[in-house]
Amino acid sequence: MKGLPSVEKAIFVLSRFPGIGKKSAQRMVHYLLRGGISEIQQVIGTLEDLRDKVGFCVCCHNLAEGARCWVCADPRRLSSLLCVLEEPADLMAMERAGVFRGVYHVLGGRLSPLNGVGPEQLHMESLRMRLQGGEIEELVIATNPTVEGEATAHYVAQISQPFVARVTRLAYGLPMGGELEYLDESTLFQAMEGRRQY
Amino acid sequence: MVLEWLRLVDFRNVSQAALRFHPGINLLIGDNGQGKSNLLEAVGLLATGRSFRRAPPEVLRRHGCKGFYLQGEIVSYELAHRLEFQGVGNRQTAQLNGKSVAMASTMDRVLAAVLLTPDSPDLVHGGPGERRDFIDWVVFSSHRRHATTVRDYQNALRGRNRLLKKNTLHPGEMDAWEDQLAVLGARILVSRQRSLRQIQENLPSFLEALGLDDRLFELSYSSQLEQDGVGMEETGLVNQYRTLLQHHRGNDHRLRTTSVGPHRDDIRFLFAQRPLGRFGSRGQKKRFILALKFSERQLLQAAVHERPLLLLDDPASELDREGIARLLRLVDREGQQIFITTVKEDVFSSTHVPYHAFRVQAGQFEPLMEYAQS
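Line by line, the protein sequences give chains A and B. With this note's numbering applied, the first sequence covers 1 to 198. With this note's numbering applied, the second sequence covers 1 to 374.
Read the hints as simulated data drawn from the structure, not as lab findings. Some hints here could point you the wrong way.
[Said to hold, decoys possible] Capping the alpha-carbon separation at 30 Å, the derived lysine-lysine pairs in BS3-like fashion look like this: (1) B/K99 to A/K23; (2) B/K344 to A/K22; (3) B/K166 to A/K23; (4) A/K9 to A/K22; (5) A/K9 to A/K53; (6) B/K66 to B/K99; (7) A/K23 to A/K9.
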């Protein structure tokens, strides 16, 4: 696209998005150009809202419009039940499922020395402060079942032990609706290890 | 498992070849640098999905070519299969009966092999890493999960080592990574010891068949745990590793590397209760490694429920006539497909074990008349 530096630049920026390659970015740019000013203005407005209105919850570090997120602001949520997650996206997944009645704490990542992420880079200190309040009765650790997620879980368990009576970890094993024959060995192993009395 | 046909295009020094193999012993005869081992490598690649010379794809294609292609026609599990392998650029793909399959998953599905290469003496003489690789490969061939465990362990190890490079250690963070190392390390230890026990069980019969006094040879797992962790519950091993890692933390910090864990373990080969590497003769070591490979094949056979191929790269280089005769009688008795490369045919022709021979010259293969039994 020689002679169209603005188009080139837009494609370049869009192709940085996860899951978007150069071809998709090209299609997006052409879609915007075809849509004319109103289409582009709508995107600009949406992005400006993202920039100006969305921040992080002062309490749980979830994404929030305003000081506190919609979960922390909801008086019906059980404040004695706390779930620790890696990212806001994990929280959204949990909320979509609607299975958790407590409140959250988003760490903002996981321990990863190779990427320079230690406890100081995560929201561990604010978690400790929340726990120190003594109001939390159960802490559910919902980090991912990867090596880094497990190390993070271990760290969280460690700092919460003095303050919380009950520290739990999400179960490992079979995905619902999945078929045994398609599962990999590690998942099956975990499912077998974590079997329960019927 | 029998590889009936192999076609090669632009692989190593072979421009084009199609070979029909015998279900028994296939002898590849030729001078050095003619392409014998390349053929063996091609068979190994089809069977294991990796080059036993640890060569990347760009090395496997013929000089000046864009890629290589291998096709094998295989009979296993009473069915005929076609397995294809392509390397283009630095990508490799595989198809089983025309359908794309992941490289790693083709392994053992229709074809499996155990390799004995000139590098095998490194098992005895090389560093402990060679022996750990060997046992991990054996574990992996019957327990696929082992690959994930080892990979996760390596990740956790890199994590802890990175932390050790910092000037001050954060105790809680160290605990978190050491816990991962302990859990995964114990799992690796348990798997390795289970496979080693199986090898120990069937090794004596192969040692004997190869003319060694099986009472004089031993192999044992050597770790940093009490009694090498033998007979202990996995949870007990986890606790031991956790304590050891914590105990060595200060020292590890000075050395900036992790000194405790299965990544430092070894397998001891003993001859008359002394290290085989220093006290065994060349012939003894070679025969011992052969016996070890036969044990490995036995385990693989139990996992895949058919006899895997045996690939022997120049076994005659270190074996005397009597050793070769014993080897051939053993493989003949075991009744499996076997590929052997050699420079000299005469050591084989004098053993009275029937085989099919191919003459290998400058990447060309020519079937020779079957050796007639006298």
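Evaluated hints:
Our distance criterion of 30 Å between C-alpha atoms is met by B/K99 and A/K23, whose separation comes to about 28 Å. Simply put, B/K344 and A/K22 have alpha-carbon atoms about 58 Å apart, too far for the 30 Å limit, and the pair is violated. About 43 Å separates the Cα atoms of B/K166 and A/K23, which puts this hinted pair outside 30 Å; it is violated. Pair hint A/K9 plus A/K22 holds up; C-alpha atoms about 12 Å apart against a cutoff of 30 Å.
Taking the CA atoms of A/K9 and A/K53, the gap is about 26 Å. The hint holds against a cut of 30 Å. With a CA separation close to 23 Å, the supplied pair B/K66 and B/K99 stays within the 30 Å bound. Annotation: proposed proximity of A/K23 to A/K9 holds, straight-line Cα distance about 14 Å (limit 30 Å).
Violated hints, listed in ascending order, are 2, 3; each of the other numbered hints is respected by the structure.
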